[in-house]
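Engineer: Just so you know, the protein sequences line up as chains A and B, in that order. When we follow my numbering, the leftmost residue of the first sequence carries the number 1023, and every step to the right adds one. When we follow my numbering, the leftmost residue of the second sequence carries the number 1023, and every step to the right adds one.
Please keep in mind that the hints were generated in silico from the structure rather than gathered at the bench. Just so we're clear, the structure is a prediction, and the values are computed from it rather than from any experiment. Beta carbons: idealized from backbone N, C-alpha and C, even for Gly. Any given hint might turn out to be false.
Quick look at which bits of chain B chain A covers, simulated, 3 or more residues with Cβ under 8 Å [what the hints assert, rightly or not]:
| id | segment |
| --- | --- |
| 1 | 1024-1033 |
| 2 | 1273-1281 |
| 3 | 1296-1304 |
Cβ-to-Cβ under 10 Å is the rule here; a few derived chain A residues that face chain B [to be verified]:
| id | residue |
| --- | --- |
| 4 | Ile1026 |
| 5 | Ile1030 |
| 6 | Val1069 |
| 7 | Leu1082 |
| 8 | Ala1083 |
| 9 | Asp1084 |
| 10 | Val1087 |
| 11 | Thr1127 |
| 12 | Gly1129 |
| 13 | Ala1131 |
| 14 | Val1141 |
| 15 | His1164 |
| 16 | Phe1165 |
| 17 | Arg1231 |
| 18 | Pro1232 |
Once the Cα atoms are required to be at most 35 Å apart in a straight line, the calculated DSBU-like pairs of lysine-lysine come out as [stated by the list, open to error]:
| id | chain 1 | residue 1 | chain 2 | residue 2 |
| --- | --- | --- | --- | --- |
| 19 | A | Lys1335 | A | Lys1110 |
| 20 | B | Lys1074 | A | Lys1074 |
| 21 | B | Lys1335 | A | Lys1088 |
| 22 | A | Lys1230 | B | Lys1168 |
| 23 | B | Lys1074 | B | Lys1335 |
| 24 | B | Lys1375 | A | Lys1088 |
| 25 | A | Lys1110 | A | Lys1168 |
| 26 | A | Lys1110 | A | Lys1088 |
| 27 | A | Lys1088 | B | Lys1411 |
| 28 | B | Lys1335 | B | Lys1375 |
| 29 | A | Lys1122 | B | Lys1088 |
| 30 | B | Lys1122 | B | Lys1074 |
| 31 | A | Lys1335 | B | Lys1088 |
| 32 | B | Lys1122 | B | Lys1110 |
| 33 | A | Lys1074 | B | Lys1088 |
| 34 | B | Lys1168 | B | Lys1110 |
| 35 | A | Lys1110 | B | Lys1088 |
| 36 | A | Lys1168 | A | Lys1122 |
| 37 | B | Lys1088 | A | Lys1088 |
| 38 | A | Lys1122 | A | Lys1110 |
| 39 | B | Lys1411 | A | Lys1375 |
| 40 | A | Lys1168 | B | Lys1122 |
Number of protein chains: 2
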Amino acid sequence: MQLIAADIENAMTNASWIRRMFEAGNDLRRTRGADQVFDFSLGNPDVPPPAKAREVLHALADSVVKPCGLGYMPNAGLPAFREALAQKLSHEQEVPLEGKHILATVGAAGALVAFFRAVLEPGDEVLVPAPYFVEYGFYCGHFGGKLRPVPMQGPDFALDPAALLAQVTDRTRVVLLNSPNNPTGAIYSQAALQHLASAVNTLNDARKRPIYLLFDEPYRVFAFDGANVPPVLPLSPFSVVLGSFSKSLSLAGERVGYVAVNPALEGVETLLAALTLTNRTLGYVNAPILGQKLALGLLHEQVDLTIYDARRKAMATVLSQAGLRFSLPRGAFYFFPEAPGGDDVAFCQCLMKHGVIAVPGRGFGMPGYIRLCCAVDLSIITRSAEAFKAAMAEFSAP
Amino acid sequence: MQLIAADIENAMTNASWIRRMFEAGNDLRRTRGADQVFDFSLGNPDVPPPAKAREVLHALADSVVKPCGLGYMPNAGLPAFREALAQKLSHEQEVPLEGKHILATVGAAGALVAFFRAVLEPGDEVLVPAPYFVEYGFYCGHFGGKLRPVPMQGPDFALDPAALLAQVTDRTRVVLLNSPNNPTGAIYSQAALQHLASAVNTLNDARKRPIYLLFDEPYRVFAFDGANVPPVLPLSPFSVVLGSFSKSLSLAGERVGYVAVNPALEGVETLLAALTLTNRTLGYVNAPILGQKLALGLLHEQVDLTIYDARRKAMATVLSQAGLRFSLPRGAFYFFPEAPGGDDVAFCQCLMKHGVIAVPGRGFGMPGYIRLCCAVDLSIITRSAEAFKAAMAEFSAP
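Throw the hints in and build the complete structure from the sequences for me.
Structural biologist: Listed below in structure tokens is the structure:
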């Protein structure tokens, strides 16, 4: 019996590498003991939410148990949340935004899916620098969109506008950019973004169906060594920015994100109305009310980034001492070092023998590298040093 | 410039009747004054959540501000929530369910969309008794599914299995049933459900792609006059049930629902894995964590149903005294009376002149009737009596 759709069956047999390695880690914990496994596979933000979350939640407990206190709201989100977020984003993006330009969403993922549903026709193409977050393919694929990864050059994987522009076709509808980047930690420069946006703006002058520049920014506050994450809305009227509080407030499980549309876009109301419709009819209906109220109460807070920075520095030391080649990430909380010799799957298998769980780069559209997620306790990183060294010694042996 | 997809643009120009009437109500409040408007358009459950919600939320405030306290979880939901829900549903559905048979979802809407994505191929048909909740068309349409409404007979709109079965084709993939029903308040009988399920079971013996019986049950606890809402999982291995806590706990804005798959289905693990994948990749990722924890704490509570019952009785009196023809609903919180003479839009316009906001039946695929939602304070219902009488006098005048 065919219980499920053919393309879903196909997707199930190609389980994501992240998930596969995470499960391998669970197996390994049983055989080696949990303290001898160094699991850098999954990115579940483990730094506690800001302490103020407790106070905000207690206040909510006292205020919401009343008629419609947890009820429906406008599909675009709580007006107070959208207004406050508009103020914050106006500052961040250096463009004056009002609440009406913001849609509260079920995380950044919900924002991406709602956006793709609103703008893609079947057969439309979404260009994305590779390596890339693999779920993107699903998000546009549900509606007949085709993800077109465009390889960037390692080891730093800086944005290469010319490489992206060379792949533009009549069917290109979106260029999707994630900076600070998962999995590379790269932060795209103002100059590269400007180059790309100028070219897209010129292309759009002659197009009936414009190319959008879609910026996925859940890691915006994760910028280290004084790195600057440039604002993106000023780059183009066709730039749209989305983000979430999953990482910045460690609220990943509550699913609160947003999408902000550029007031400079001619027809901005049409795009906003379309996003409101797709957000509603994709079954999200509205972003979770407790999450919106919690994020509103914590809008000017963030998790303790010094914890992430200490991990980043420790991981850099561990990898350097073991002899891996990598570019020090200035953003997000991932490392994307080279697999010695280029076989990322073989190298991950070797690492696993020594208790280290990493994800092969091919899981992000870039074989020859591995991804390490540093959303784990500092002690796991420091204790992994010998395991990395042993794996490198074994893997590099003739 | 074409900013959005053509089918979304088309959907936007056909705004839902519910939304249109709700907005007309807002205009009317400005001109007549809020106390002279009797708005029965939208179904935002307004009875407060159970008092225990406050205690549960305070306990959460003390427990979640810790590493991963609000973090990701398995995409299918919190194990403790799924286990507890399985126990509750085992009792309700008279089929032994385990946590693994349950998926926590972003409301019932999220469950419907995840299910349709998991099983529909483009061109597949979803049969639904009319009148029906109009969002169903979007939920399956996103993936090329076609909603096929099958008219039931008023005034009580009981389930007519023969009428549904007469519309089955090779492309029929789902029969979607909502009982207690929005908009009619009908509760489908055990006998009618059994008739339908037996026929579908027989059809499925000869089909490679089975027909699912999908039961949308957000109103299950809203049953009055001692009415029984029969369990549906025992009817067929192909029956799937979904629901939410939006109405039963007045948590509509927090978006917590579920889908439960029949353990008797051969290949049940495949369907569950597909639902877990679609729930993840549609951008829901997981149902909101605060909502799941709140619903877990309130699993054996429900809103005060005597409030809804009193409204139902009051509305019946108001409508009877005004001379409208209707079947007394035994479930949910809607009335679906006839529009005198058959023109539902004209009748709604006449009602509006007298301050009453109702939704034309054509907004639910059934012209000739109007829908009245009783999720409003009792006083609004009783105070609307004269307005209904005046509208009837005017509308029935030669």
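Engineer: Run every hint past the structure and note whether it holds.
Structural biologist: Okay, the hints, checked on the actual structure:
1. 1024-1033: Since 8 is at least three, the answer is holds.
2. 1273-1281: holds (count 5)
3. 1296-1304: holds (count 6)
4. Ile1026: holds, 4 Å
5. Ile1030: holds, 5 Å
6. Val1069: Interface hint status for Val1069/A: holds (7 Å vs cutoff 10 Å).
7. Leu1082: holds, 6 Å
8. Ala1083: Holds: closest Cβ of chain B sits about 3 Å from Ala1083/A, inside 10 Å.
9. Asp1084: With Cβ-Cβ at 7 Å, under 10 Å, it holds.
10. Val1087: holds, 5 Å
11. Thr1127: holds, 8 Å
12. Gly1129: OK, holds: Gly1129/A within 10 Å of chain B, min 6 Å.
13. Ala1131: Holds - the Cβ of Ala1131/A comes within 10 Å of chain B, reaching about 4 Å at its closest.
14. Val1141: Holds, about 6 Å.
15. His1164: Hint on His1164/A: holds, closest Cβ of chain B at ~7 Å, below 10 Å.
16. Phe1165: holds, 7 Å
17. Arg1231: Because about 5 Å separates Arg1231/A from the closest Cβ in chain B, which is inside the 10 Å limit, the hint holds.
18. Pro1232: Holds. Min distance 6 Å.
19. Lys1335/A <-> Lys1110/A: Distance ~30 Å between Lys1335/A and Lys1110/A Cα, so the pair holds.
20. Lys1074/B <-> Lys1074/A: Cα-Cα ~24 Å, so holds.
21. Lys1335/B <-> Lys1088/A: holds, 24 Å
22. Lys1230/A <-> Lys1168/B: Within the cut-off at roughly 30 Å; holds.
23. Lys1074/B <-> Lys1335/B: holds, 28 Å
24. Lys1375/B <-> Lys1088/A: holds, 32 Å
25. Lys1110/A <-> Lys1168/A: holds, 33 Å
26. Lys1110/A <-> Lys1088/A: holds, 29 Å
27. Lys1088/A <-> Lys1411/B: holds, 33 Å
28. Lys1335/B <-> Lys1375/B: holds, 25 Å
29. Lys1122/A <-> Lys1088/B: holds, 34 Å
30. Lys1122/B <-> Lys1074/B: holds, 28 Å
31. Lys1335/A <-> Lys1088/B: Measuring from Cα to Cα gives roughly 24 Å; hence the hint holds.
32. Lys1122/B <-> Lys1110/B: holds, 14 Å
33. Lys1074/A <-> Lys1088/B: holds, 12 Å
34. Lys1168/B <-> Lys1110/B: holds, 33 Å
35. Lys1110/A <-> Lys1088/B: holds, 26 Å
36. Lys1168/A <-> Lys1122/A: holds, 30 Å
37. Lys1088/B <-> Lys1088/A: holds, 28 Å
38. Lys1122/A <-> Lys1110/A: Holds, because 14 Å separates the two Cα atoms, which is no more than 35 Å.
39. Lys1411/B <-> Lys1375/A: Given pair Lys1411/B, Lys1375/A is violated - Cα atoms ~81 Å apart, limit 35 Å.
40. Lys1168/A <-> Lys1122/B: holds, 33 Å
Hint compliance for this structure: hint 39 alone is broken.
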